[in-house]
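Engineer: Spelled out, the chains give:
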Amino acid sequence: MLALFYIFIGVAIGVSFWQITRILNLRESVANDNDNAKQGKYALLFMAFLYAMMIYCLIAMNVLMLPESASIEGEHDDNLFNITFWLIGVVQFGMQFLIFYFTFKYRGNKNNKAKFYADSHKLEAIWTITPAVVLVVLIGYGLWQWNNVMDLSDEKDAIVIEVYSQQFRWDARYAGEDNMLGYGNVNFIKGINTMGVDMSDKNSQDDKQVTELYLPKGRKIHFKFRSQDVLHSAYMPHFRAQMNCVPGMVTEFGFTPKYTTEEMRMQSEVVDKTREINKIRKAKGEDPYEFDYLLLCNKICGASHYNMQMKITVVEQEEYDKWIAEQPTLPTVINQ
Amino acid sequence: MSEHHHKETFVTKYIFSQDHKMISKQFLVTGIFMGVIALLMSMLFRLQLAWPDKSFTIIEAFLGPHQTDGIMNPDIYLALVTIHGTIMVFFVLTAGLSGTFSNLLIPLQLGARDMASGFLNMISYWLFFLSSIIMVISLFVEAGPASAGWTIYPPLSALPQAIPGSGAGMTLWLVSMAIFIASSLIGALNYIVTVLNLRTKGMKMTRMPLTIWAFFVTAMIGVVSFPVLLSAALLLIFDRSFGTSFYLSDIFISGEVLHYQGGSPVLFEHLFWFLGHPEVYIVLLPALGITSEIISTHSRKPIFGYRAMVMSIIAIAFLSTIVWGHHMFISGMNPFLGSVFTFTTLLIAIPSAVKAFNYVTTLWKGNLQLNPAMLFSIGLVSTFVTGGLTGLVLGDSALDINIHDTYFVVAHFHLVMGVSAIFGMYAGIYHWFPKMYGRLMNKTLGYWHFWITIICAYGVFWPMHFIGLAGLPRRYYTNTNFPMFDDIADINVVITIFAIVGGIAQIIFLANFFISIYRGEKSSQNPWNSNTLEWTTPVEHIHGNWPGKLPEVHRWPYDYSKRVDPNDDDSDYLHGKDFVPQTTPLLEGEEPS
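From first to last, the protein sequence lines are chains L and H. 297 is the number that my numbering gives to position 296 of the first sequence; each next residue is one higher, with no gaps. 227 is the number that my numbering gives to position 202 of the second sequence; each next residue is one higher, with no gaps.
Take every hint as true, because none was put in to throw you off.
Here are the in silico distance ranges between beta carbons for each label pair:
hint	chain 1	residue 1	chain 2	residue 2	range
1	H	D593	L	V16	44 to 50 Å
2	L	I60	H	T93	38 to 44 Å
3	L	R220	H	V249	45 to 51 Å
4	H	S80	L	W145	49 to 55 Å
5	L	Q268	H	R332	53 to 59 Å
6	H	T505	L	F9	21 to 27 Å
7	L	L59	H	R332	34 to 40 Å
Footprint (simulated), chain L over chain H, 3 or more residues, beta carbon under 8 Å:
hint	region
8	267-278
9	403-409
10	577-587
FYI, nobody ran anything at the bench for these hints, they're computed from the structure. Computed from a prediction, not measured in an experiment: that's the story for all the values here. Every residue, glycine too, gets a C-beta built ideally from N, C-alpha and C.
Let the sequences and hints guide you as you build the complete structure.
Structural biologist: Here it is in structure tokens:
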């Protein structure tokens, strides 16, 4: 690939110089009919290139896409995305056709005359009202879904988990049996109390600090995000979830995992994608990859921004119960 | 104002010039210089993204202390994307585009001797020049230039402990931008006053070319929103240097708790995007205005729906000031605000759609003269549509959650405002080069330039949508730490190849531009057979623009191919030719268009 790249560069530079030397000989600078004819044809050729590339990418890159939403709330995101994507896809293909076909069709010629056509209120009304109507649908569905995702008021059954960010790592804190997080502030950071939890708060007593997220399938998770230094963003693409972590405030997001990690690994899109990735990894002599949910940092946060991640494992409720029981509470860790 | 009223020396003519035509050229050349720097930067970080573990001599040569064995350091990668964005958005597409064409065209197309204040205009350029110098100097600061992204969100931008670029590099960035904003405001005020007061006889607002409408409205958006960025920058300077806590609170870094209490980074985000979003239209509207003029002239047809075009410029400008929150859906602000901003954001699609359809209808049944300027304008319509449509995905808060800050966003805004605005700028340069330098640019080189550039632009940004949909965050130094992104490594290579070829192709433009200044074909007075007033001035520049009296305007600027019988396309041209300059009086019984 690199050799190809150097060849490309060589060709580009060569062509540049060849053309630039020709400039000295050319003296006619306004397009004539010959130019119009040529450029009109190039517009058609370009349209062919554009269509080929658009279609190729749509088909060939389909395997790269994220698999279907792994959260219940994200299902409507996928749905809304598909509707929007098909809609803009159709408009895109149509508009590009008009633009480049008209460029070809109406290429200038001495014998032609342009049509004097300055206004049509009817046409303008059509293309003001049509987008407006379409937008009402998109906005309506979008706002409904937004409220759906952002509404965390009904959460009697939700598990509260704090996700804590710092340059350049993630930690998490489970709220424990009372499902209430103890108060946290940077002033309490000391020694192994890296999340700055106020240990005198009675809600802190059963909190559990971990470095990897375990989530039970089918339970609403209520995330609370904190940051101790700069902005970070907790991005969980498989769950269609993201929220910034802002120093000085607590932000929130919630979703309900739909598939366990094991189930997701069997899912056909994931199987295909994993196979592709492992082909590439094998060629490079690297260990095979196995699908895992991830939390990535998605807000520029410093030099190692590109490597700030945390594994998320979704399991069945029983397994989750077993796992959480094994985790030590904060006081047992901190007051040792 | 009378022409030739003072003797010009070399200094007053070429350096501290108060003549809008010279100032416009100064803006253009400075903008091109800055553009080359920013373009080179993008090529460097594209190399890094395609071959993260390969050593490159060019990286060793350019990045000096910020690389190890020809591989760039993560810090300088972030600095490169930051400065690339800053320079492209502000120095090239705001000053380089608006500064060049507003200065050149507002007096010439309105029939004015010069800007309302030539002196302030000169100051505006020299402040811009100064801010460019400071920005360039910041590249050589020991710890590296600003690296917190072009949006410089605090606390990252406020704390040198968080990233080395937030030391002296960030200070220079802020100083440079403060001066830049002053330059921009002085320029914008001048444009507004000139448009309102110095239109020649008969040049009603409703007869102004769409270029002027676009520049005028752009200047107004600038006056409304740039001061807010200035205040955001000033507060950030206070936080950084004087210990205030506007944006900072509860921070623990490098093993200590900092004293900041009670501030919020979200406040900065609000202030920043209150400019940041209108800025998109500050960049885009002039390009759309230029395109309207060029598509009409080279189609030999009136622009379709002049009034709708003016209305949509105004509507876009108005809406642009109430949509900034769509950059902040997941910033932690109240979700209700997210709903409001989704609604206002998607509304922008309506005037944008009107513009796109009107361009296409202008092409329909035209007699297209496919000069390079025309091709770049058509290219703009194409990329504007492609990039604009994905705005429907990003503007919808529910969908934004999952693609916010991924490469999908990068692809979207590069197409809709980056490539589109650059195309508008190129179109303007090819079209008005004869007005600037009295010579024409070479068309063959122009064609090569256009086709290579548009192919590469799509080659870079179309596949980029898909790696964004795969969940790849932007501003990652390398993706090799995530096996889940291993399958997009090849796409990054292809993108880089397109980017480098497209970047190198700009040499064609640079050569064409600079050689044509001296050796291009001498231009006639009105090489494109255009209707607007700038083509009634002599080819040689004179102070005061018109040798005798100012021209008088009798009609709108888009009487192309007007017929004797308006309903019969086969009838003869009304004035015997396919264009009717604005200075031509109405014939007896002629209906104004």
